[in-house]
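Construct the complete structure from the given sequences, taking the supplied hints into account.
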Amino acid sequence: MFLRKALILILLLFSGFQIFAQINIWSETNVKKRVTLTPFIVKSENEDFKDKKKPVVIVCPGGSYFWHDFKVEGEEVAKWLNSNGISAFVLEYRTASAPAYIFRYRVIFRGVRYPDAQNDLLQAIRYIKAHSKEYEVDTTKIGALGFSAGGHLVMSAAEFFEKGDKPFFVAAIYPVVTMREKFAHARSRRALLGESRMYNKKLRDSLSLELHVPEDCPPVFLVNCKDDHVVDFRHSLILDSALTQKNIPHRYILYSTGGHGFGTSQNRGTSESRGWMSEFLSWLKEIY
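Here our numbering is used: position 51 in the sequence shown is 51, and no number is missing along the way.
Possibly wrong hints are sitting among the right ones.
Unchecked claim - Think about it this way: if two alpha-carbon atoms lie no more than 25 Å apart in a straight line, the pair counts; the simulated DSS-like pairs of lysine-lysine are:
#	residue 1	residue 2
1	Lys129	Lys285
2	Lys141	Lys32
3	Lys163	Lys182
4	Lys141	Lys43
5	Lys285	Lys163
6	Lys182	Lys246
7	Lys246	Lys202
8	Lys182	Lys202
9	Lys43	Lys71
10	Lys129	Lys33
11	Lys133	Lys79
12	Lys79	Lys285
13	Lys285	Lys133
14	Lys285	Lys141
15	Lys129	Lys43
16	Lys246	Lys285
17	Lys43	Lys79
18	Lys163	Lys246
19	Lys43	Lys201
20	Lys133	Lys182
21	Lys182	Lys32
22	Lys202	Lys226
23	Lys133	Lys163
24	Lys133	Lys43
25	Lys182	Lys129
26	Lys141	Lys79
As the list claims (entries may be wrong) - Simulated DEER-style distance windows between Cβ atoms:
#	residue 1	residue 2	range
27	Asn30	Ser206	22 to 30 Å
28	Gly164	Val230	29 to 37 Å
29	Lys133	Lys163	35 to 43 Å
Honestly, the hints are just simulated from the structure, not real lab data. The structure presented is a predicted model; accordingly, all values stated were derived computationally and were not measured. For every residue, glycine included, the Cβ atom is placed at its ideal position computed from N, Cα and C.
Below you can see the structure in the form of structure tokens.
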């Protein structure tokens, strides 16, 4: 086991990546929380971004705001970005947790709920900016890529953060969008609001992204599949409509097949839905 890990480390060191330890983004603050940010930093510049500082993307895995799909929508995504010359950070933002899902104890205790995850993403952006020289990234070009509930999280940043803290761009892949009735994703809504607030209409509306697209929203890359049986495909449709109404630069791709939860996997989804990766890279070159 030791020899295997040592071999992997050697291969990484000679394959164009720098190895950084996990970071607790709150360690330099008065907030007594541990939230990890894992850097995946590319040493050499990609020719597509020649003469520019390396782009960097914060990756937010999905998991209904209860947990994370850290491997498929986190680590594998970061490694794929690295293979295309893009540095990445995977954020393990706070989630309500499996025990909260099972026992519903947040009826009595606060637990993790909104705005904890949003605060974590905000702090991650600020942390990367404060350490930009160490990571060789452009503080004005920090993007955010999120999947499912992570898509809701990164769009929250685009809509609700102050101008100086917003991501440079947002990519929301099969995202949760609305917290309102009809086709809300009930599990994500419950996790985000908490059991004691899940029927608060004002709070639901305030976190329904289709209602709050600002004039200064950054560019958005949006993808989902019509056969998504986890998060209703209409979530992305109403977000696309809201972005169009506000004249926000964005690209929306609705695939017929692919379902949900495929990330950058070559085994999940379909050959059609896996096309989002090349489309995203092309779009990224356009906006940088």
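Is the Cα-Cα distance between Lys129 and Lys43 25 Å or less?
-> holds (18 Å)
Take a quick look at whether Lys79 and Lys285 sit within 25 Å of each other, Cα to Cα.
-> holds (18 Å)
Please work out if Lys43 and Lys79 have their alpha carbons no farther apart than 25 Å.
-> At roughly 13 Å apart (the allowed maximum being 25 Å), Lys79 and Lys43 satisfy the hint.
Hey, Lys43 versus Lys201, does the alpha-carbon distance stay inside 25 Å?
-> Not satisfied, since the Cα-Cα distance of roughly 48 Å exceeds 25 Å.
Measure nothing beyond the straight line between the CA atoms of Lys182 and Lys202; if it is 25 Å or shorter, mark the hint as holding.
-> holds (16 Å)
Quickly compare the C-alpha distance for Lys133 and Lys163 to 25 Å and report which way the hint goes.
-> It holds: about 22 Å lies between the C-alpha atoms, which stays within 25 Å.
Between Lys182 and Lys129, is the straight-line Cα distance small enough, at 25 Å or below?
-> Judged against 25 Å, a Cα distance of about 40 Å means the pair is violated.
Distance restraint between Lys285 and Lys163, which requires alpha-carbon spacing of 25 Å or less = Measuring from Cα to Cα gives roughly 23 Å; hence the hint holds.
Under the criterion that the straight-line Cα-Cα distance not exceed 25 Å, is the pair Lys129, Lys285 satisfied?
-> Measuring from Cα to Cα gives roughly 22 Å; hence the hint holds.
Mind checking the hinted window 29 to 37 Å against the Cβ distance between Gly164 and Val230?
-> This hint holds: roughly 34 Å between Cβ atoms.
Proposed proximity, Lys79 with Lys141 (alpha carbon, max 25 Å) | holds (19 Å)
Pairwise hint evaluation, Lys141 against Lys285, where the allowed Cα distance is 25 Å at most | Since the Cα atoms of Lys285 and Lys141 sit roughly 12 Å apart, the hinted pair holds (cutoff 25 Å).
In this structure, the earlier hints numbered 2, 3, 19, 20, 21, 22, 25 and 29 are contradicted, and the remaining ones agree with it.
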